[in-house]
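Novice: Sequence:
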Amino acid sequence: WVHVGPRRAQLVTGPLAAALLLGVGRAAGLSWDELGLGPGSLARGARWGGLCAGIVVAGYALVLAVPPARRFFRDVRYRLGIRSALAMALLAVPLGTVVFEEVAFRGVLWGLVEEANGPVWATAATSLLFGAWHVLPALDLARTNTALAGSGSRAKPVATVLGTVAFTAAAGVLFAELRRQSGSLLAPVLLHWATNGAGVLASAIVWEISRGRFRSPG
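First residue of the sequence shown: 134, per my numbering; consecutive thereafter.
Listed next, with one range per pair, are the computed distances between beta-carbon atoms:
#, residue 1, residue 2, range
1, Glu-248, Ala-176, 22 to 30 angstroms
2, Ser-217, Gly-251, 41 to 49 angstroms
3, Val-190, Phe-300, 14 to 22 angstroms
4, Leu-223, Val-253, 33 to 41 angstroms
5, Pro-139, Val-268, 19 to 27 angstroms
Keep in mind the hints are simulated off the structure, nothing from the lab. Even glycine gets a Cβ: it sits at the ideal position worked out from N, Cα and C.
Kindly produce the complete structure, drawing on both the sequences and the hints.
Specialist: Put into structure tokens, the structure is as follows:
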């Protein structure tokens, strides 16, 4: 459903699915603290997540300032115009993607595995599954990113999928560690949003620069 369902519907179904999963976690005996949603850890999660999100945004800005590197952001899915890209980054990404994935992987699943087998197993299991979760998005990326598509070679989609799975599994380790260190789901939520949402904006800006509609930071 996440991959093929209508995007507008996912603004509703994503949070609803997250709420359902939280109900499953609570029914299984997890406390709000064990789900990463305890009120006492929110400030710490905001500090950790805000710092990491700021680093990601600064990294995107640095890449945009280097013209040869901009081609990696030429994803036709985000040839939207700045206004539409802002709506996607601020609404579609957090509600349709980030909330559901973080509740699923770093909230409920991490909490259940951590309770049964400890934090190392929780991080390993959720990170591997998070990497596998991105196989279909990686196939989309191989088709829509102009820096990757168009060669006609079968090797590029395979390399894109393997690279994406490896990268997102590694990102899952980082997200899980943020969850563990801060005790809050808010920390990985903020970093996840910055990675995806700021990436959408960066791609849209690159397309606007190529059209001469946006002043180049370089």
